[in-house]
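Heads up: the sequence lines are chains A and B, in that order.
All residue numbers in the first sequence are consecutive under this note's numbering, ending with 226.
All residue numbers in the second sequence are consecutive under this note's numbering, ending with 1042.
Worth flagging that the hints you see were computed from the coordinates, not collected in a lab.
We put the CB at the ideal spot given by N, CA and C, even for glycine.
Be aware that a few hints might be false.
Within a straight-line C-alpha distance of at most 30 Å, the following computed DSS-like cross-link-like pairs (lysine-lysine) qualify [to be verified]:
hint, chain 1, residue 1, chain 2, residue 2
1, A, Lys143, B, Lys681
2, B, Lys774, B, Lys756
3, B, Lys757, B, Lys672
4, B, Lys712, B, Lys681
5, B, Lys1037, A, Lys28
6, A, Lys143, B, Lys635
7, B, Lys774, B, Lys672
8, B, Lys757, B, Lys712
9, A, Lys213, A, Lys22
10, B, Lys887, B, Lys635
11, B, Lys712, A, Lys146
12, B, Lys712, B, Lys1037
13, B, Lys1037, A, Lys22
14, B, Lys681, B, Lys709
15, B, Lys757, B, Lys774
16, B, Lys956, A, Lys146
17, B, Lys672, B, Lys956
18, B, Lys672, B, Lys756
19, A, Lys213, B, Lys1037
20, B, Lys712, B, Lys956
21, A, Lys146, B, Lys1037
22, B, Lys887, B, Lys681
23, A, Lys129, A, Lys143
24, B, Lys709, B, Lys774
25, B, Lys956, B, Lys1037
26, B, Lys712, B, Lys774
27, A, Lys129, B, Lys956
Computed from the model, here is a short list of chain B residues facing chain A with C-beta under 10 Å [claimed, not checked]:
hint, residue
28, Lys635
29, Asp938
30, Tyr942
31, Arg953
32, Pro954
33, Gly955
34, Leu957
35, Arg1029
36, Arg1032
37, Phe1036
38, Lys1037
39, Val1040
40, His1041
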Amino acid sequence: MLEIQRLKAGYEGKVIVEVPHLSLASGEHCLILGDSGSGKTTLLCTLAGLLSPVAGEITVNGQLLGAMRGSALDAFRGRNIGMIYQTLHMVSALTVLENVLLPQYAAGVAQDRGKAIGLLERLGIADKKDDKPETLSQGQQQRVAIARAAINSPRVIVGDEPTSALDDSACETVMGLLLQLAAASNASLVIATHDQRIKGHFHQQIRVGGAL
Amino acid sequence: MNSLRLSFAYLRHKALSTTLTVTTFAAGVAMIVVLLLVNAQLQNEFANNLKGIDLVVGAKGSPMQLILSSVFHLDLPTGNIPLAAAEKLSKHPMVRQAIPLALGDNFQGYRIVGTTAAYPEHYQARLRAGGRYWKKEMEAVLGAEVAGRSGLKTGDTFAGSHGLTVGGEVHAQFPYTVVGVLEPTDSVLDRLVLTGMASVWYIHEHDDDEAGAAGGASEQHEASPASPDSRATDAANSGQQREITSLLISYNSPLAAAGLPRLINKTTSMQAASPAFEMARLNAFMGRGTVTLGFFAWFLIALAGFGIFAGLYNAMDERRYDLALMRSFGARPGKLFTLMMTESLVVALVGVALGVLAGHLLVQGIATWLASSKHIHMTGRLFLVEEAWLFPVSLAVGALAALLPAIRVYRIDIFKTLVHH
């Protein structure tokens, strides 16, 4: 599902992280560990196709990311990669439900309100669907962000510290939901974190920064 | 959810600035609509009243005043002319028709005009069933509006008051009898009381006897705004020489325009004024004002366009996260460009729609206000082809305002915006 070969990730020509090799099968999850500032986010954004690799290759779902440009890459990213940002980036002009539907609007695919409501139900925040995101707690917003990342049934869900702001029990719940959603569409989770609590759920882990 | 719904969501989200922009836009559009409607209706009113009148002959003075007072019944007359001279002129071979007018009194602010049946006939006026034109002194025919406002019917009586504006001395002892009411003509006739010239002379002959007896009272008369003509009509009472206020002339041949006005101006004590020429002059004066207001209105629209621009440009700053987010979710820049454009076009469309509505309501308001002035008629329920232009032009302003902010979506750096700020 996800293949990395001799990847050098960074931006503006500067290499921040290197990953010599990584191979994830469908449904396999990978943890990216590292201290803050170690380049975890840069690596995630490169995997998500938001940054071009400085060198090396990334293959997602059989497609070489570096071979796509412009709107082809936009479309591929929209359909295959779900993204959960560390800063959640809720669109405050829209309701929770509209926020969840936003990736479908953006990717130009049919908008499935039933599916979005189903996701919100599984995440336990369906009753908030018509509220504005700023009225929700941090934990609730985190769940909206997860629903939003999962709405297009991506092959890879990329998360940047999705649990680090949560307490132990919330962390367990969110992690459980992420795994459940990933399993439902046989997607791979790639989670960057310094949160040691969630290590046990992952098949592979790579460490970035310091221990290069 | 589509670009339109998303645009609405954003517009609702920043309701205050949206309201401000829409209001400014609407104000500019409304102003243009008012200008268009008022201008069109004034021109139409002028054209209806001028119909077929080639020349107006009256006392010497301002030619514009002569036209305004005799054709549109707006201004005060320049004075009077001797009936004999007017009659002689009426028989000139180049004159096809000459309609005499004798002014001096009013009824509730509506002018009482002594004339002949040729005057209503000139405007193709028709009497309502059961009515007739005057046959003797103190019989009057009411214009449609006069009858409507006063509630007078055929057979009723009323008294005129001295002068051309409300507030003059009432000629209570000389009541008129209504013998007919005219159908609406869409011309100045609707707001006139018509009678024979004999009635006007009759009243003022007797009135003068009284005024003479009252001594100082006649001084006051002459100080009133209507004094030039009333003095003249009053003078007619002495019997030696009757006078009228003016003569509306239609030519027999277009050649008359070359010689007749000059002949009258040179060889008589009267003045001949061409309505077409004076109206062109008036339009030139008013045109400048209209053009200035028009510039101001377009300035408002441009300002609103600038408001949309500033709003969207600022919004771009606040919204670059949202836009970058949508980009990261796979939205092509073209889609976001459309989104920004839609937002601006919605503002422009709502603005122009509200502006057109407000413009018509305003003109209706002006019309109601003018109705009480008894001079000019207007309505807000008139729609002009020119107004249709406001829509594409407004949308173009909206599109232009959104262009620069919308182009910026092509330059959004997703990574830097969302992660690396």
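Consistency of the hints with the structure:
{"no.": "1", "hint": "Lys143(A) to Lys681(B)", "result": "83 Å, violated"}
{"no.": "2", "hint": "Lys774(B) to Lys756(B)", "result": "18 Å, holds"}
{"no.": "3", "hint": "Lys757(B) to Lys672(B)", "result": "28 Å, holds"}
{"no.": "4", "hint": "Lys712(B) to Lys681(B)", "result": "21 Å, holds"}
{"no.": "5", "hint": "Lys1037(B) to Lys28(A)", "result": "14 Å, holds"}
{"no.": "6", "hint": "Lys143(A) to Lys635(B)", "result": "21 Å, holds"}
{"no.": "7", "hint": "Lys774(B) to Lys672(B)", "result": "28 Å, holds"}
{"no.": "8", "hint": "Lys757(B) to Lys712(B)", "result": "24 Å, holds"}
{"no.": "9", "hint": "Lys213(A) to Lys22(A)", "result": "25 Å, holds"}
{"no.": "10", "hint": "Lys887(B) to Lys635(B)", "result": "72 Å, violated"}
{"no.": "11", "hint": "Lys712(B) to Lys146(A)", "result": "87 Å, violated"}
{"no.": "12", "hint": "Lys712(B) to Lys1037(B)", "result": "93 Å, violated"}
{"no.": "13", "hint": "Lys1037(B) to Lys22(A)", "result": "18 Å, holds"}
{"no.": "14", "hint": "Lys681(B) to Lys709(B)", "result": "18 Å, holds"}
{"no.": "15", "hint": "Lys757(B) to Lys774(B)", "result": "18 Å, holds"}
{"no.": "16", "hint": "Lys956(B) to Lys146(A)", "result": "24 Å, holds"}
{"no.": "17", "hint": "Lys672(B) to Lys956(B)", "result": "58 Å, violated"}
{"no.": "18", "hint": "Lys672(B) to Lys756(B)", "result": "27 Å, holds"}
{"no.": "19", "hint": "Lys213(A) to Lys1037(B)", "result": "29 Å, holds"}
{"no.": "20", "hint": "Lys712(B) to Lys956(B)", "result": "79 Å, violated"}
{"no.": "21", "hint": "Lys146(A) to Lys1037(B)", "result": "26 Å, holds"}
{"no.": "22", "hint": "Lys887(B) to Lys681(B)", "result": "11 Å, holds"}
{"no.": "23", "hint": "Lys129(A) to Lys143(A)", "result": "13 Å, holds"}
{"no.": "24", "hint": "Lys709(B) to Lys774(B)", "result": "37 Å, violated"}
{"no.": "25", "hint": "Lys956(B) to Lys1037(B)", "result": "20 Å, holds"}
{"no.": "26", "hint": "Lys712(B) to Lys774(B)", "result": "37 Å, violated"}
{"no.": "27", "hint": "Lys129(A) to Lys956(B)", "result": "24 Å, holds"}
{"no.": "28", "hint": "Lys635", "result": "8 Å, holds"}
{"no.": "29", "hint": "Asp938", "result": "14 Å, violated"}
{"no.": "30", "hint": "Tyr942", "result": "6 Å, holds"}
{"no.": "31", "hint": "Arg953", "result": "5 Å, holds"}
{"no.": "32", "hint": "Pro954", "result": "8 Å, holds"}
{"no.": "33", "hint": "Gly955", "result": "8 Å, holds"}
{"no.": "34", "hint": "Leu957", "result": "9 Å, holds"}
{"no.": "35", "hint": "Arg1029", "result": "17 Å, violated"}
{"no.": "36", "hint": "Arg1032", "result": "14 Å, violated"}
{"no.": "37", "hint": "Phe1036", "result": "5 Å, holds"}
{"no.": "38", "hint": "Lys1037", "result": "8 Å, holds"}
{"no.": "39", "hint": "Val1040", "result": "5 Å, holds"}
{"no.": "40", "hint": "His1041", "result": "8 Å, holds"}
In the structure shown, a violation is registered for the earlier hints numbered 1, 10, 11, 12, 17, 20, 24, 26, 29, 35 and 36, in ascending order.
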